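Student: Mind docking these for me? Both chains are given alone in their own frames, and the hints should help you get the complex.
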Amino acid sequence: MSKKAENKEGFFRSLLRQQIFIPLAALLILAVFNLIMDPGFFRINLGPNSAGNMVLSGYLITILDYGSELAILAIGMTLVTAASGGQDISVGAAMAIAGSVVLRVLCGTNSRPDTLQAPIIVAFLISCVAAMLFGAFNGILVAYFKIQPMVATLILFTAGRSIAAWINNNELPIISDPVFGYFGNFIPGIPVPTPFFIAVACMIVIFLVLKFTNLGLYTQAVGINADSSRLNGLNPAFIKFITFVILGLCVAVAGFIKVSRLSSINYSVIAKDIEMDAILAVALGGNALGGGKFNMPASILGAYVIQFLTTTLYKFNVQSDALPAYKAVVVIILVVLSAPSVREYLGRIGKKYAGTRKEAA
Amino acid sequence: MSKNNKNTATGRSFRISHMTDTNLLLAITIIVFFAMYIGAIVFQGKGFLKPQTFFNILNANAALIVGSCGMSLVMICGGIDISIGGVMALVSMCCAVYLDYQGGNVAVAILIAIGIGLAFGIVQGLLVAYLDIQPFIVSLAGMFFARGMTTIVNTQPFNVKNEAFTALKETRIIVPYMGSVNKKGIYVNAYIEIGVIVALLAVVILFCFLRWTRTGRHFYAIGGNSQSALMLGINVRRTRFTAHLLCGLLAGIGGFVYFLHVGSGSASHASGLEMNAIASSIIGGTLLTGGVGNIIGTFFGVLSLSTIQNIVASAGLDQAWWTGITIAAMLCIFLVIQSIVMARKNRMSR
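Read top to bottom, the protein sequences are chains C and F. The opening residue of the first sequence carries number 1 in my numbering; numbering runs sequentially from there. The opening residue of the second sequence carries number 1 in my numbering; numbering runs sequentially from there.
In isolation and in its complexed conformation, chain F is listed as follows (with noise of 0.2 angstroms):
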């Protein structure tokens, strides 16, 4: 407690570089989003305080924040997933024609959809960890080999008609106190989707990995330093082939919970879900180089991109390329600021 009085009397910098840089950029991460929401609120209007246009966002990007927890992972272990997008789309269509064509029951398709995961993860994970391939390489042919399968499994997008799975997908989970009164002076519940339960079981669980759990810890050591892991005892090669095959997994389950919201197969699906991935990951305050990052920081992440879309989309631009040009624009500064303050720091702490 000494400690940090002196700090504090000898002026702001040095309290900045005692802060962790997990809490540093997490700290500016929920400052961005609250500032963008209250930003919304002023500029766009009532919209923004209905809460149910927050519910939506959550309902529409259940997929995206079970995706970038995956990523998460694998930054934090200094990695890099972008096939996490592809894995989706294969997962959509292997689930609808199974669905559609075979007539199965619901938690057969999960299995497909956990089952596809794993096989990437572990495929992937396997490649990376045990014969030293740059990830991006290995995530690239996977991505591109995951898109690929789409189209040789079904060309046509198509809607699934099964009536469990349908059922499945109407399911509205209700959020109490939470609803409003629409223009005919009805009261309406706000409610959220099953998606929503299961991306906000991931983000619980995996915090709680990273934070209390041997490997979890693991995780930073090696994206940290991974030869000073190793001198350390940890198993680096293991670690890492874990972190690609969580990811994996993640990839599988986001996969199904982007079919639940959506309910159809088509190639199509989740382009470019892993650059929003990333870019949520490293707007969460994750640093590409490892050994920093934060699930809940992943969380607000994909809250500020999709927050930032939506007021884009309000606003009237809502040209495809506005939405592309806006992400771009939003991760450059992201990662400048980053680049920018961890030099800082680093010049500060020596």
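Pulled out of the complex, with its shape left as it was, chain C reads as follows (with noise of 0.2 angstroms):
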């Protein structure tokens, strides 16, 4: 009985230090609210949408739908978080840019194209060019001119919004092409959401980077101990570079995804606070913030987490200027309770729970 016991508590301590337990928690609680609140939001519906095409819709498709840009910024800031131990806080502005680039290839001069100026797959790969020179511009000032992370990357959060509009001469192009809207929304014929298809397409890549190269263990290597790090041959500088470079890429993506939801773009609105969600998945998946070891899949599932919180806010009929105010008291309930001084004093709580139950067995 008391080995069974055990056994029972054995297997729950252990799952309570792995750290993907933070986000499964946290949607468990979730997704318990909304079950008392109201069970059809777990409804799933399959119907015509506007453009005629058979598609699953309901409240856990949009998360799956709307977190997808979420989870593919978590996979890239996951990783600058653990090197260089600090933010991105540019990602929205940088996707803002990303979006702009992708438009203005494709229509050319004219801001109400008829047919697309660009093969769409040129006009991608142009915009991954120009975000990873964006990311490699805050990788410079990060990892050559040792500036903070959080700090440097102000600059392209001030300036990334007013770039992005200046890229298109602050002109509101819109792409008739149906084509270009598949990325955003559905092809026709498949009931699931594209997003979810490239989110998934770069979870893998990241998955198999992971695997089969060593990036996992020099980043983790460099936000532990940078000096150590170098005494061991590697080159911490390049590889902070590189990961901000990384987090270029997914803006790219997340961005392209983005722009191709609408097939138009509002500067000012486009990715708005996303940098918050993508730092609060990173938080929410369990890492540290101040860099060193990471979880992707943790940070993933965060991110959907936080889609989760969103939708179920918005269900709430919460503004969504008022949105932030209800993350912030999220962000600050979860940096409260990974701070290594409460940390200690819950331990030691546990400890004693524990010491008191044995004694009584």
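What the hints contain is simulated information worked out from the structure, not anything from laboratory work. Incorrect hints may have been included.
Partial chain C-side listing against chain F, Cβ under 7 angstroms, derived [unchecked claim]: (1) F41; (2) T158; (3) S162; (4) A201.
Estimated spans, in silico, between C-beta atoms of each pair [said to hold, decoys possible]: (5) L111(F) <-> L346(C): 51 to 59 angstroms; (6) E171(C) <-> I340(F): 32 to 40 angstroms; (7) R172(F) <-> P113(C): 40 to 48 angstroms; (8) N53(C) <-> T289(F): 50 to 58 angstroms; (9) Q227(F) <-> F42(C): 29 to 37 angstroms; (10) S320(C) <-> Y187(F): 38 to 46 angstroms; (11) I333(F) <-> G350(C): 50 to 58 angstroms; (12) D114(C) <-> Q156(F): 55 to 63 angstroms.
In this text, all values refer to a predicted model and were calculated from it rather than measured experimentally. The beta-carbon is built from N, C-alpha and C at its ideal position, and this holds for glycine as well.
Tutor: Structure representation (structure tokens):
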């Protein structure tokens, strides 16, 4: 009996120690909350959408759909956090730039083209290059000029949306070709939103990269102690730089999905406040925001949990402008719980509790 | 004195390396500001020669000066606070709602402003100093919380029609001997608003505080090296808490100054102000890594920043995006200059 109980406790303990436990628990809490408030939250319908395709709809599908950009960003943000010990707060602005570049290439000189001026893949690749260049700019400031990541990215955070507007001469191009909309909505005949597939593809790529290269090991080594990793023959500056470039690539993919959703762009609104969500996803994944070890699946799950939270708040008629206030409270609770001194205190209480239980037994 | 002479004899570079970090960066800032203002006079013509142009810069940026002072305090301690813009928006909205709907008096509104600022300062200071959470994360959450709360308090922007408040807002303090003759040939007095007095007071008080009080000196010690400050017996946590508390308080006061200048409440007020405040502090010679900085420098940082904005505006590049790009470019240049200057200095003194 006692052995069984111990085993049970051991299993629970090991689950608790798993990093992925934090986002899972958050997901569970949100799911139970929604189940109690309104079970209709989990209903999924199959029906024709405005374009006449048979598609799945429902709150869960919305989460999978709109969580995709966030999951893609979380991949890059996790790497940057792990290597540099800071976060990139320019991702929203950089997404505006990437989206603006895509539209600029597709539209050419005309802002309302009847036909696309360039193949979509070319536009996407050019926007990738542009976003990676901006990522490299951040990376150089952080890695070689040794400026704190958040302050270095503050530059692009301020200028990004202005640059995005400047790329298109402050016009609002609209793409009428329906093919362009497939990437952010639905491909005819497939009932699952396309962004989800793109996100899955990104996850597979990053999984393979982490599995077959030393990227994961090196970023963690640099994040834990840059000096000792240098003495072990790594180049910390280059590793930091490369994580920012990878984040740039993630930003380009996410930005592409974002502009594809509307086939247009609004410079001041597109991907607004997404930097907060991306950082929150990394924090919710249980990764140390001060750099070092990271857990990629936990971050990605964290991103979907954040979207779950957003969708839940929207469902309860919270205004979109007021959303940040609620999320800020979540962030504060999370960081307080993960603060070293609080953790130590909780651990002590847990031990005392376990001790009294043992005595009772 | 003899030591000084020896250094001058050995060459210029040694003289630079013997200047304290604070003075070196302060000197750069002041030179940049005067160069820029003279450049503006030369290239943009007469507008910048009028004293009122200068006073208008002060009038429009009084809140920024107050906020930047708070930012500098925190940055000297090695932290950062990006919530000040949000706090200012929340303060102006709460004061506006109070004055307009409740018809209350201005003194209570000032108390509300200070109370909100102090609340943010206390919470953020506790989290940063006693729980060791990164200041950037804490204040990022603070910024989003304040912005969100502002829309929860009231969604629509609106003007305040309280008489006592309007009278205070319209109060002009005339600066003697600085007036100019306008196009019709009438002599117009130069004026500043009440907010400017508050801002200048803040600058002077904080300058004295940092230079001559024990806590003020502790700020520099902690920013320079918190470990050795701890070993010197300085209460690092309490000092850090004080810095965030003061920053919150100044954000509250700055919020009221902002409110006094615009006379309305809106969720989009003071957007990006934290960014300008950080830029001003950095341009003013405060090091991001902490331990180096000067309130006078911050003051000149604000002036430089707003001067370049005025130049951009009067050069006809009035589209909104140019302001963002110029500030970002200037911040970038100064960050890089700081990084290079400090690296060179470290190498020289080694």
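Student: Give a verdict on every hint.
Tutor: Here is what the structure says about each hint:
Checking F41(C) against chain F: minimum C-beta separation of about 23 angstroms lies over 7 angstroms; hint violated. Because the closest C-beta pair between T158(C) and chain F is about 5 angstroms apart, less than 7 angstroms, the hint holds. Taking 7 angstroms as the C-beta contact cut-off toward chain F, the hint placing S162(C) at the interface holds, the least distance being around 3 angstroms. Here the hint on A201(C) is broken, as its CB sits about 30 angstroms from the closest CB of chain F, past 7 angstroms.
Restraint check, L111(F) to L346(C): a C-beta distance of roughly 38 angstroms breaks the suggested window 51 to 59 angstroms. A C-beta distance of roughly 39 angstroms is found between E171(C) and I340(F), which places it inside the suggested range of 32 to 40 angstroms. For the pair R172(F) and P113(C), the beta carbons lie near 54 angstroms from each other, so the given range of 40 to 48 angstroms is not met. Separated by about 55 angstroms at the C-beta atoms, N53(C) and T289(F) satisfy the suggested range of 50 to 58 angstroms.
Taken as a hint, the range 29 to 37 angstroms is violated for the pair Q227(F) and F42(C), whose Cβ atoms sit roughly 53 angstroms apart. One distance hint, 38 to 46 angstroms for the beta-carbon pair S320(C) and Y187(F), is violated here, with the actual separation near 52 angstroms. A hinted range of 50 to 58 angstroms holds for the C-beta pair I333(F) and G350(C), which are about 52 angstroms apart. Hint check: D114(C) to Q156(F), Cβ distance near 40 angstroms, so the stated range 55 to 63 angstroms is violated.
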